[in-house]
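2 protein chains.
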Amino acid sequence: MDILSKLRIKESELKQAIVVRTDLEMGKGKTAAQCAHASISAYLKTERTDPESAEKWIEEGMKKVVLKVTGEKELFQYFQQAKDAGLPVEIIRDAGLTQIKSGSATCFAIGPADEKEIDNIVGKLKLL
Amino acid sequence: MDILSKLRIKESELKQAIVVRTDLEMGKGKTAAQCAHASISAYLKTERTDPESAEKWIEEGMKKVVLKVTGEKELFQYFQQAKDAGLPVEIIRDAGLTQIKSGSATCFAIGPADEKEIDNIVGKLKLL
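Quick note, the sequences are listed as chains A and B, same order. Counting from 146, one number per residue, gives the positions in the first sequence under this note's numbering. Counting from 146, one number per residue, gives the positions in the second sequence under this note's numbering.
To be clear, the hints were calculated from the coordinates, so they are not data collected in a lab. Keep in mind that the hints are not guaranteed to be accurate.
A pair counts as met if it fits within one copy or between any two copies, since identical chains are not told apart.
[Claimed, not checked] Derived DSS-like pairs (lysine-lysine); straight-line CA-CA distance at most 25 Å: (1) Lys190 <-> Lys201; (2) Lys208 <-> Lys246; (3) Lys261 <-> Lys246; (4) Lys269 <-> Lys246; (5) Lys261 <-> Lys201; (6) Lys201 <-> Lys218; (7) Lys269 <-> Lys213.
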């Protein structure tokens, strides 16, 4: 890694954003389990593609926000935008044993990545 | 690792349990963020102390359950039992910027670890 990249990582603050569908009306426990799943999945992807950021995020205290979208279409729209921006992103499909239809996409997580880059994509979404 | 230990890991199913306080009346997004925090923290601890189980859990699809307790006393009681049993466990204290008092213990996660060992501790708790 060159010095400019190192400086960029040092100066930026890292966070992870988790984006959840509200239309599935998942309960609190189900929502928490799906979000934890997304959080670890995106973290593991970041660890493979950008290990410095993954490590720094842990050291900084793993800042994360949980945001909401109203449905599947909106979920995939933001997911695709994050992907197109080159951010590490993982979408979660539920096994569907309880509450919701099998294979439904429930949520996705971006990062950890630079806070500003994440906000460029999902900064206007409201907290769940 | 000896052959018996390898067999044990191969035969057992692994899961992670996340235990959350209901008395704090955290919203859905707050609960999800705290649980994701606990989930990653306990995973990282397992990765250090029992990397074979951490890796196998990922491969198996990261089975997890989110359970509930009614207050701080009960939370610490189960946390201590899991710790005394030698399971990898991490408790989360909230920074308290929103919703609840700073430093409050909100939840903890155990594992990934052998499902039966986890159920021995928290198997009677109800799903959140």
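Hint check:
| no. | hint | verdict |
| --- | --- | --- |
| 1 | Lys190 <-> Lys201 | both (15 Å within a copy, 17 Å between copies) |
| 2 | Lys208 <-> Lys246 | between (31 Å within a copy, 18 Å between copies) |
| 3 | Lys261 <-> Lys246 | neither (35 Å within a copy, 28 Å between copies) |
| 4 | Lys269 <-> Lys246 | neither (28 Å within a copy, 27 Å between copies) |
| 5 | Lys261 <-> Lys201 | within (16 Å within a copy, 35 Å between copies) |
| 6 | Lys201 <-> Lys218 | neither (33 Å within a copy, 33 Å between copies) |
| 7 | Lys269 <-> Lys213 | within (10 Å within a copy, 32 Å between copies) |
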